Amino acid sequence: MFANLIAIRGQATRSLKQCSSMRSVLPIPIRSNIVNVTNQLTCSQLSRSFQTSSIALHGHLKKPVPGEELRITFITKDGGQKTFEVAEGDNILDIAQANHVDMEGACGGSCACSTCHIIVDPEYYDSIPEPDDDENDMLDLAFGLTETSRLGCQVNMTKELDGIRVALPTMTRNLQSRDFNN
Amino acid sequence: MSSSSPTSALKIAVIGSGPSAFYTSLDLLKTNNPQLEIDMFERNPCPFGLVRFGVAPDHPEVKTCQQRFKDTSEDERFKFFGNVNIGTDLKLQELVENYNIVVYAYGSGSENKLGIPGEDHPAVINSKDFVGWYNGDPAYKNLNVPLHKVKNVTIVGNGNVAIDIVRILLASPDSHWSKTDITSEALETLKKSTVENVCVSARRGFLDSKFTNKEFKELLEMEKEGIMFKGWSADHFQTFASKIKLGRIEKRRLQLAQKYSDGGQKVSGKSWELEYLQTPVEFIGDTSDPILLKETVFQQNSAIMNNDNKIEIVPTETLTCKKNELVILSIGYKGEPLQEFENLGIPFDSKRGKIPNIDGKIMREDGSFVTGAYCVGWIANGSTGNINSSVQSSAVVAATIMDDVEADGSLLDYKEGRNKIEQLLSERNIKNISWDDWLKIEQAEIKRGEAQGKIADKITDYEEMLDIAKRS
Chain A
1 MFANLIAIRG QATRSLKQCS SMRSVLPIPI RSNIVNVTNQ LTCSQLSRSF QTSSIALHGH
61 LKKPVPGEEL RITFITKDGG QKTFEVAEGD NILDIAQANH VDMEGACGGS CACSTCHIIV
121 DPEYYDSIPE PDDDENDMLD LAFGLTETSR LGCQVNMTKE LDGIRVALPT MTRNLQSRDF
181 NN
Chain B
1 MSSSSPTSAL KIAVIGSGPS AFYTSLDLLK TNNPQLEIDM FERNPCPFGL VRFGVAPDHP
61 EVKTCQQRFK DTSEDERFKF FGNVNIGTDL KLQELVENYN IVVYAYGSGS ENKLGIPGED
121 HPAVINSKDF VGWYNGDPAY KNLNVPLHKV KNVTIVGNGN VAIDIVRILL ASPDSHWSKT
181 DITSEALETL KKSTVENVCV SARRGFLDSK FTNKEFKELL EMEKEGIMFK GWSADHFQTF
241 ASKIKLGRIE KRRLQLAQKY SDGGQKVSGK SWELEYLQTP VEFIGDTSDP ILLKETVFQQ
301 NSAIMNNDNK IEIVPTETLT CKKNELVILS IGYKGEPLQE FENLGIPFDS KRGKIPNIDG
361 KIMREDGSFV TGAYCVGWIA NGSTGNINSS VQSSAVVAAT IMDDVEADGS LLDYKEGRNK
421 IEQLLSERNI KNISWDDWLK IEQAEIKRGE AQGKIADKIT DYEEMLDIAK RS
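Listed in order, the protein sequences are those of chains A and B.
Taking UniProt numbering, the leading residue of the first sequence gets 1, the next gets one more, and so forth.
Taking UniProt numbering, the leading residue of the second sequence gets 1, the next gets one more, and so forth.
Watch out, some of these pointers could steer you wrong.
Covered stretches of chain A (chain B as the covering partner; in silico rule of three or more C-beta atoms under 8 Å from a C-beta of chain B) [to be verified]:
hint, region
1, 113–124
2, 134–140
3, 167–174
It is worth saying that the hints were derived from the structure and are not from the lab.
The structure displayed is predicted, hence computed values, not measured ones.
A virtual CB, placed ideally from N, CA and C, is assigned to each residue, including glycine.
Start from the sequences, fold in the hints, and give me the full structure.
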């Protein structure tokens with residue numbers, strides 16, 4: 001086991017060097033594309049016109065009680081916005097899928113994958129109950145993790161979350177960052 | 001990606017039907033281009049690749065994505081061609097000629113080797129074969145694993161496949177496995193199993209473990225079912241825990257190991273252990289029973305920091321012996337090129353066992369791209385990653401394809417596509433399996449399963465599948 005310790009020590013040094021990729025030590029998102037999304041969330045939001053659709057009633061969604069509708073806005077991968085009126089208790093994955101927002105839920109919402117990864121507007125992040133160990137273990141495997149990342153299937157709408165904005169992580173591509181004209 | 005719709009048809013052939021093949025197809029179908037035609041070619045009668053033949057039977061939630069894959073069958077632009085082998089039933093050249101784009105998504109077909117004495121012993125089994133066996137891959141249905149004679153198993157490699165295999169070997173066949181879609185043959189073998197201890201061994205240290213915390217935790221929690229983690233004594237962790245700052249993933253892994261370590265006490269009953277910093281150098285057979293091993297010889301490694309502040313694993317002169325009657329190698333898979341690659345000028349990186357590419361776009365050694373040729377999944381990225389990475393890389397490849405189509409008009413030149421291919425299959429008398437045929441096979445599996453109280457009872461014979469498909 002002493003040998004193991006050496007390995008752990010050495011590895012830890014590496015971890016420290018790489019800590020910029022660790023959620024736990026990062027106050028802000030790292031990837032430039034994520035930063036853009038977050039900027040959109042907090043700044044350019046108002047310059048866009050809202051389109052509110054009433055919810056398509058299928059999937060597991062409940063019909064919102066009139067007067068008690070909660071609003072949620074998705075910032076899609078191409079930067080567009082979609083706002084829906086939903087009922088208390090619905091989870092964000094179900095809301096997205098029922099409304100044809102482009103979000104995978106490969107495991108069907110059982111917290112066994114991280115394909116419903118969302119980036120929550122920091123203003124609302126603390127109003128969501130903290131992620132449990134299972135969700136954190138899955139988030140660790142998500143692409144483009146940020147300080148306010150959650151899994152859509154684990155976040156249920158509450159009155160506190162009325163008006164919440166969540167962004168879908170964008171893709172990271174290599175080709176676009178290379179110059180092929182030369 | 002959805003901004004402009006091409007004026008002429010875009011015909012795409014996808015080789016393979018695993019998660020990456022399906023997610024790429026689904027992403028392409030999202031473009032709403034009515035002139036899109038996607039044909040998926042699978043050499044087996046059944047689709048889904050490693051979702052069917054790789055994912056552990058006790059992880060049905062991971063297989064939920066199969067429901068999503070069924071969405072493709074509701075789209076007329078998509079067609080599934082099962083039981084069609086590219087290279088024999090259809091030439092790859094015929095796909096290249098008749099489609100605008102070919103997407104290679106056929107996975108990693110062979111396994112990595114250690115290249116050490118004793119590796120060809122019958123009691124040294126590759127994880128690919130073993131996993132294929134319990135998951136009903138017909139290629140491995142006759143794998144005779146002598147579990148009724150084995151007490152100690154060593155698994156070389158510590159990814160999630162190794163963790164799956166520990167559960168297979170130690171969890172109760174009756175209470176844990178009997179209701180899953182594990183094959184009946186495997187279930188019977190497990191009922192006769194005498195395996196008591198499984199050792200998962202890795203070349204590097206604990207923090208370099210390949211398994212994910214979710215799978216680690218799941219296995220540790222099987223303590224409730226009487227499957228004990230041998231662990232290490234608590235003081236092993238004390239020394240560095242206060243001194244070293246770990247990332248969240250490492251911290252969590254360590255916490256889990258600490259929580260479930262029994263302090264090095266003797267464990268009774270079934271148990272498993274994790275060993276690190278050792279490389280197998282020889283497998284030694286049991287002279288009294290030719291189907292069993294006696295032991296594995298390991299060379300102990302040491303982790304040192306090199307000049308670039310990187311950890312290097314270096315062998316020491318210390319050799320140790322581990323008593324085991326069976327070894328399962330779980331050291332990763334390797335892709336192979338298709339036969340016609342060389343003739344068609346499609347590059348292949350034999351060393352890494354994958355097709356060289358950027359964002360799925362197949363790239364020659366000189367940095368130029370092969371027009372209309374893309375790859376995705378394990379054949380593109382090597383044998384790592386799960387559904388998350390499939391979803392991610394498929395989205396990238398689909399977006400790259402659509403961008404290229406927009407930028408290069410020649411990718412929309414007229415191609416005969418599906419009509420021509422169906423004509424060729426019919427001329428050659430190849431009975432391809434359609435999506436409806438597959439649904440019949442799937443229904444038969446579910447029905448057979450119902451009779452035994454299982455989710456499904458997989459058919460492990462392709463002829464039988466073809467027979468079921470023929471029935472009206």
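Structure-based check of each hint:
1. 113–124: holds (count 3)
2. 134–140: n = 5 at 8 Å, threshold three: holds.
3. 167–174: Satisfied; 4 residues make the cut.
When held up to the earlier numbered hints, the structure conflicts with none and fits them all.
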